[in-house]
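For the record, the sequence lines run as chains H and P. In case it helps, my numbering puts the first sequence at residues 1 to 116. In case it helps, my numbering puts the second sequence at residues 1 to 116.
Hints should not be assumed to be uniformly reliable.
A few chain H residues facing chain P, derived, Cβ under 8 Å [said to hold, decoys possible]:
#1 L21
#2 P31
#3 L99
#4 L103
#5 V104
#6 A106
Keep in mind the hints are simulated off the structure, nothing from the lab. What you are looking at is a predicted structure, and each value in this text was computed from that prediction instead of being measured. Every residue, glycine too, gets a C-beta built ideally from N, C-alpha and C.
Number of protein chains: 2
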Amino acid sequence: MTTSVPSSRELAHPPRGEIRLEEVLHALSDPVRLSVFRELAEAEGELSCSHFDLPVTKSTTTHHFRVLRESGVIRQAYRGTAKMNGLRRDDLDALFPGLLDHLVAAAVRQAARLGD
Amino acid sequence: MTTSVPSSRELAHPPRGEIRLEEVLHALSDPVRLSVFRELAEAEGELSCSHFDLPVTKSTTTHHFRVLRESGVIRQAYRGTAKMNGLRRDDLDALFPGLLDHLVAAAVRQAARLGD
Numbered sequence: 001m002t003t004s005v006p007s008s009r010e011l012a013h014p015p016r017g018e019i020r021l022e023e024v025l026h027a028l029s030d031p032v033r034l035s036v037f038r039e040l041a042e043a044e045g046e047l048s049c050s051h052f053d054l055p056v057t058k059s060t061t062t063h064h065f066r067v068l069r070e071s072g073v074i075r076q077a078y079r080g081t082a083k084m085n086g087l088r089r090d091d092l093d094a095l096f097p098g099l100l101d102h103l104v105a106a107a108v109r110q111a112a113r114l115g116d
Numbered sequence: 001m002t003t004s005v006p007s008s009r010e011l012a013h014p015p016r017g018e019i020r021l022e023e024v025l026h027a028l029s030d031p032v033r034l035s036v037f038r039e040l041a042e043a044e045g046e047l048s049c050s051h052f053d054l055p056v057t058k059s060t061t062t063h064h065f066r067v068l069r070e071s072g073v074i075r076q077a078y079r080g081t082a083k084m085n086g087l088r089r090d091d092l093d094a095l096f097p098g099l100l101d102h103l104v105a106a107a108v109r110q111a112a113r114l115g116d
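If we strip away everything but chain H, and leave its shape as in the complex, we get:
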């Protein structure tokens, strides 16, 4: 009999049905996390954590990505030694049609207005 031992490299993600709007909005209520969200939306694919040049420490960066993952905004997976990140567009679009695109547009518009 084999016993399944969860790997420390497997990252926990909420299933679609457990994603909550409040937690999604909380995840995006921080300027650093909102900028990561915007960049991932514009990339239209996966980006590694090391791609992001954020004005915070490495441990704070890890925290921000964890909040985004645990709220259901992003999916994280290891590819070799890199931790890759992508928006959970299918899940968010299914739960909240049109919301993700409008959140991205609002973030882009604000960044342009404030000169970020």
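Given chain H, put chain P in place with the hints provided.
Relative to the frame of chain H, chain P by itself:
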């Protein structure tokens, strides 16, 4: 010479240009505040604080309305002895076109799904 003394009954609101997306999303990231937001959107007008039957104490209720006001989501004004609340739809639609309606729709959809 007269001196203008701010009345304690005048409530502070951020001007449109100081409303920040992050703070709007933070304001809506709490279940009680999100339910107030949804009810105000459905009312399509002003509602008094006493209209809301919230599962929290009076002081917590006051706190939640203040967070909604200070983030720019709602406008509060005294009418006689009642404190009235309304969404700042014009300001939010101007800053973030389409976002408010999609946030309302997402909140309504989630409430229906979860049976709230």
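Going through the hints against the structure:
1. L21: Constraint on L21 of chain H satisfied, holds at 5 Å.
2. P31: holds (6 Å)
3. L99: holds (5 Å)
4. L103: holds (7 Å)
5. V104: violated (10 Å)
6. A106: holds (4 Å)
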